[in-house]
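Protein chains: 2
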Amino acid sequence: MTAFKPTPRSRIKRLPKRAHYERETVHAVLDAALIAHIGYVIDGAPYVTPTAFWRAGDTLYWHGSSASRMLRTLGEGVPACVAVTHFDGFVLARSGFHHSINYRSVTAFGVAYKVEDKVEAEAALDAFMAKFAPGRWAEARPPTPKELKGTTVLRMEIDEAAAKIRTGPPIDDEADYALPVWAGVLPVRMVFGALEPDPRLNPGTVVPGYLKDLAPGTALDEALKRIAGRAKP
Amino acid sequence: MTAFKPTPRSRIKRLPKRAHYERETVHAVLDAALIAHIGYVIDGAPYVTPTAFWRAGDTLYWHGSSASRMLRTLGEGVPACVAVTHFDGFVLARSGFHHSINYRSVTAFGVAYKVEDKVEAEAALDAFMAKFAPGRWAEARPPTPKELKGTTVLRMEIDEAAAKIRTGPPIDDEADYALPVWAGVLPVRMVFGALEPDPRLNPGTVVPGYLKDLAPGTALDEALKRIAGRAKP
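Chains W and P, in that order, are what the protein sequence lines are. Be aware that the first sequence starts at -17, since it is given in the working numbering, and climbs by one per residue. Be aware that the second sequence starts at -17, since it is given in the working numbering, and climbs by one per residue.
These are computed hints drawn from the structure, not numbers from a lab. All C-beta atoms in this analysis are idealised placements derived from N, C-alpha and C, irrespective of residue type, glycine included. Nothing false has been slipped in among the hints.
Away from chain W, derived, C-beta distances all over 10 Å, residues of chain P:
(1) D40
(2) G57
(3) Y95
Not everything, but these chain P residues come out facing chain W in the computed CB check (under 7 Å):
(4) S50
(5) A65
(6) S77
(7) W119
(8) V163
(9) L168
(10) E178
(11) P190
The calculated lysine-lysine pairs, modelled on PhoX-like cross-linking and capped at a C-alpha distance of 20 Å, are:
(12) W/K(-1) - W/K146
(13) P/K(-5) - W/K131
(14) P/K113 - P/K207
(15) P/K131 - W/K(-5)
Can you build the whole structure from these sequences, using the hints too?
As structure tokens, then:
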């Protein structure tokens, strides 16, 4: 796969050694996450909305109520900045200055439009659910025409994108390695907890197979990556 | 504590029953998180940058290299939108339409300025480290004048803010409860992993006591809340 071509808008100026523009890297960071933060401008002022999203090729999708301000604003075709961030750990250095964070992030720029085609919109909703629960769309009660009308799906072709990644131990000033200060990484990760069945669940309803991939303690990013790998061989 | 007064900018229009404007609720969501997404506008275009942040009263702080585009832009005093999101779980309903996400989020609006006062800037960096490792600032090698000059601290008074929170099981259409579809919540949470000592750690360096609060498997939000509770009684 080729790389995104950075412009002044997306080129990472600070710590360029952490920057990645290859599609493979950008896609991997996106596919391992469920939540994105969408930035947009209304009357010159900045807004950021967190939302679940999914990806197909270089297109990002997200959805919500047709009544939401974000979706009404973006649906008309306005520039958006989509940020996806995995916080991977605290980096504890021997000096205050060299403390850091391990992370994987992507910033993607494009113009968001409402998906007007009903068939594309419903296929996108199916693909969204398949991101974490492949097969569930066909099990669940299908959407009514009224529900589909009340749901806006947005699509944004990625015009440009950059990933920024930090991994590994602290990098201290050479003289500081002699200090008696504990240094290293305190990792954090998103994991699944135990399923909480709906109190009104019909007795005898079986737990579907796709939830077995998401067993308690499993890392969310690893599970989403595995599912994406099976869906997009 | 009083509540933030919503205006059209911050009032939650979609699903207002999930909206909270009380300071206590907004502060609790902020204090339980380390990463915020900062939205701002340059030449009319939206940008979103993820960064670590901390709070004192109604003031949010974040920091970074004095060379970064975000900090140079915001330091001049420009409107910012700060979003903090905890993703708490997948809500699996019996219909595609009623699927949802459990989450706690805050959107805060204000104007960000560079902290010019050196004493306030260094105190803010100390407070930042105390958010997850109280006492560490005094253990680590203090910043040099050059390091302090290379670090920009920003402050943003919250002009207005809203929290949006969803918890609990799916809410299905009454007729759908009879369907043989598994329904419930698949929780997710951020937890600490096991400490990874720096490969160059001096043998015999002891693990500091504040890291015991952050033992493997402990939830990040709960730990940060506990630490904030001790710091701000």
